[in-house]
Amino acid sequence: MSSTAPAPPRSPMAAPRSPMAAPRSFLWARRIFLTLLTGFVLLPVYVMVSSSLKPLQDVSGTFRWLPSGLTIRPYIDIWSTVPLADYFVNSVIVAGAATVCSVVIAVFAAYAVSRYRFRGKRVFTVTVLSTQMFPGILFLLPLFLIYVNIGNATGIALFGSRGGLILTYLTFSLPFSIWMLIGYFDSVPRDLDEAALVDGCGPLGALFRVVVPAAIPGIVAVAVYAFMTAWGEVLFASVMTNDTTRTLAVGLQGYATQTEVYWNQVMAASLVVSVPVVAGFLLLQRYLVAGLTAGAVK
Amino acid sequence: MTTTTTTATAEKDRRTVSGSTPGAARGPRRPGRIRRIGLPYLLLLPALVLELLVHLVPMVIGILMSFKALTRFSIRDWGAAPWSGLDNYKISVDINAPAGEALLHSFWVTCGFTVLSVGLCWLLGTAAAIFLQDTFRGRGLLRTLFLVPYALPVYTAVITWAFMFQHDNGLVNHVLHDQLGLTDKPSFWLIGDNSFIALLTVSVWKGWPFAFLVVMAGLQNIPKELYEAAALDGAGMWQQIRRITLPSLRPVNQVLVLVLFLWTFNDFNTPYVLFGKAAPEAADLISIHVYQTTFATWNFGTGSAMSVLLLLFLLVVTGLYLLLTSRRRKTADV
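One line per chain: the protein sequences are S and Z, in this order. Numbering follows the working numbering, in which position 91 of the first sequence is assigned residue number 76; successive positions increment by one, without gaps. Counting from 1 along the second sequence, just add 216 to a position and that's the residue number in the working numbering.
The set of hints was computed from the structure by calculation and includes no laboratory data. Quick reminder that beta carbons are idealized off the backbone N, C-alpha and C, glycines included. A portion of the hints provided could be inaccurate.
Incomplete in silico selection of chain Z near chain S, CB under 7 Å [as the list claims (entries may be wrong)]:
| no. | residue |
| --- | --- |
| 1 | Val265 |
| 2 | Gly278 |
| 3 | Ile279 |
| 4 | Leu302 |
| 5 | Ile311 |
| 6 | Ala313 |
| 7 | Ile375 |
| 8 | Pro463 |
| 9 | Trp479 |
| 10 | Leu525 |
| 11 | Leu528 |
Each pair of labels, with its calculated beta carbon distance range [stated by the list, open to error]:
| no. | chain 1 | residue 1 | chain 2 | residue 2 | range |
| --- | --- | --- | --- | --- | --- |
| 12 | S | Leu41 | Z | Leu268 | 33 to 39 Å |
| 13 | Z | Pro314 | S | Val74 | 43 to 49 Å |
| 14 | S | Lys106 | Z | Ser464 | 49 to 55 Å |
| 15 | S | Pro8 | Z | Leu268 | 35 to 41 Å |
Residues of chain Z clear of chain S, computed beta-carbon distances all greater than 12 Å [what the hints assert, rightly or not]:
| no. | residue |
| --- | --- |
| 16 | Gly301 |
| 17 | Asp303 |
| 18 | Ile307 |
| 19 | Ala318 |
| 20 | Gly335 |
| 21 | Gly354 |
| 22 | Arg355 |
| 23 | Tyr366 |
| 24 | Pro369 |
| 25 | Trp454 |
| 26 | Val475 |
| 27 | Asp483 |
| 28 | Asn485 |
| 29 | Phe516 |
| 30 | Gly519 |
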């Protein structure tokens, strides 16, 4: 555990601070702090994993650190106790569509803001920036009423539909995507797309052949972030869905019956729901950190 | 923060500087002047339409509704509901009446919760980022582990915490009471006064990795030479952290604290999953409170007025914060 190891930085994040040896007090503080923090971080993860492998009597009585017997029964039962597969499909569709929509639209908008001067630009960026700070609760009731009204007037069922939910998810994913992509596009050298314009590309050609490829890490970061937020969203999902369009965020509450909560199944389902997102995130975290540097920190 | 301040740098081989003169996106194949001026707007059009649809229209309607007498009876045809002037606002801010008193209480709870949560998130995130700045064995693994709370979907993480805080079969009571004997009898964590502690714990657990990520990104921008020079001058590790690392992080921290503040203050998911539709009084965060007023007690008009008040408060705080930090930054630069 020596910080003076001459090993070259393994990742761009590794910026060795000083050539001199760290003092003992620093090393001990680091060890103690990191151990405690790791315990804090991993505690719920341990509970989730271990409880998902326990028989029901283990999670109904006093908490046990170790299961009395390992079982994969909860992983089989979760699919029949509630229609988890349906919720899964709903969540994938809603989060996926919201992500694609907001990223595609944000790419165009961010390109315009980053590369052109036009009247109203400041108003636009300030508006986008400020809508990010609005609480979701502010939009919930108005959107609810708009959907119900549109439904009454035209017969298009927005309320309770996946389409309606996707639209509401744009309230948070779109401003974030635009804001972060502006920062990211600004960090792509202008000379690149200007050269493309000289070479005969149209503005859209320059965008798609030069700027977008150069900004892929930022775009990936924005997409991952938008997807994660939509995947974890609870407020809109609990009001704006019905039995057939319910997402995982609401559906997981179904494991609690009047008499008992099937905690082992709740934990198994939580794990099943989390694994794809966590794996995707950890795989793409390098991009996300790069995106944050360009977008948020500047 | 976001406006393009990049000045024209590409004057070398071109007659016009594309991007810095109005409508100068000159591709040889696109000579039409109108089209060139219109292009940015065309690119913005989808975003503008959607922003209008999901933000502006709902906001206007929300503000309108706050001036109407909306109950569960008039909600069906809310356009025809009678105007009530400032009644909804009066109800919300009258601290001598139950509704206003409850809102004020919820506001203070939210403020206390936000300050503590943001502070702890910042502290843990910064400490972890600084301790992981140097390379050592296991550093990469720890960095990945620390991101797990951030990557987990909110509700799965919070449900797990809710399980841990259960009275009869939770881990927390088992450790505190059965194993360590710190409490006389198992405590309730999800109702009563302890619910504040439970909410804070979950919020910090979930939120600190974001601070960690941002601070880590900020650390990269500190030139290594600063540390080398300080080391040559005989500054120890702790001194370097105090004199170089922390001051250099100031601009990053200003953005970070603002973002954390807004997220924590507006957080709905955590209390909703932890406590359900009605939060215990000690942990009655404002977004839950507004939700409860609007959808559970059917006071749609009052709920709207509360949302507008909440928005005004956030606008004022953010404005003040940006003003203060930008002024300080200016004076620091001079």
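Here's how the hints hold up against the structure:
1. Val265: With a minimum Cβ separation of about 9 Å from chain S (threshold 7 Å), the hint on Z/Val265 is violated.
2. Gly278: Holds, about 4 Å.
3. Ile279: violated, 9 Å
4. Leu302: With a minimum Cβ separation of about 19 Å from chain S (threshold 7 Å), the hint on Z/Leu302 is violated.
5. Ile311: violated, 21 Å
6. Ala313: violated, 22 Å
7. Ile375: OK, holds: Z/Ile375 within 7 Å of chain S, min 6 Å.
8. Pro463: violated, 15 Å
9. Trp479: Z/Trp479 check fails; min Cβ-Cβ to chain S is 9 Å, beyond 7 Å.
10. Leu525: violated, 11 Å
11. Leu528: The hint is violated - Z/Leu528 has no Cβ within 7 Å of chain S, the shortest such distance being about 11 Å.
12. S/Leu41 <-> Z/Leu268: 33 to 39 Å: The hinted range 33 to 39 Å is violated for S/Leu41 and Z/Leu268, with Cβ atoms some 51 Å apart.
13. Z/Pro314 <-> S/Val74: 43 to 49 Å: At 44 Å between Cβs, range holds.
14. S/Lys106 <-> Z/Ser464: 49 to 55 Å: For S/Lys106 and Z/Ser464 the Cβ distance comes to about 31 Å; the hint is violated.
15. S/Pro8 <-> Z/Leu268: 35 to 41 Å: Once the Cβ atoms are compared, 59 Å apart, the range 35 to 41 Å for Z/Leu268 and S/Pro8 is violated.
16. Gly301: Holds, since 19 Å exceeds 12 Å.
17. Asp303: Its Cβ never comes within 12 Å of chain S, the nearest being 17 Å, so this holds.
18. Ile307: holds, 16 Å
19. Ala318: holds, 16 Å
20. Gly335: Answer for Z/Gly335: holds, closest chain S Cβ roughly 16 Å.
21. Gly354: violated, 8 Å
22. Arg355: violated, 8 Å
23. Tyr366: violated, 8 Å
24. Pro369: violated, 4 Å
25. Trp454: violated, 7 Å
26. Val475: Its Cβ does come within 12 Å of chain S, the nearest being 7 Å, so this is violated.
27. Asp483: For Z/Asp483, whose nearest Cβ neighbour in chain S is about 9 Å away, the distance does not exceed 12 Å, so it is violated.
28. Asn485: Non-interface label on Z/Asn485 violated, nearest chain S Cβ at 4 Å vs cutoff 12 Å.
29. Phe516: Its Cβ does come within 12 Å of chain S, the nearest being 6 Å, so this is violated.
30. Gly519: violated, 6 Å
Violated hints, in rising order: 1, 3, 4, 5, 6, 8, 9, 10, 11, 12, 14, 15, 21, 22, 23, 24, 25, 26, 27, 28, 29, 30; the structure is consistent with all others.
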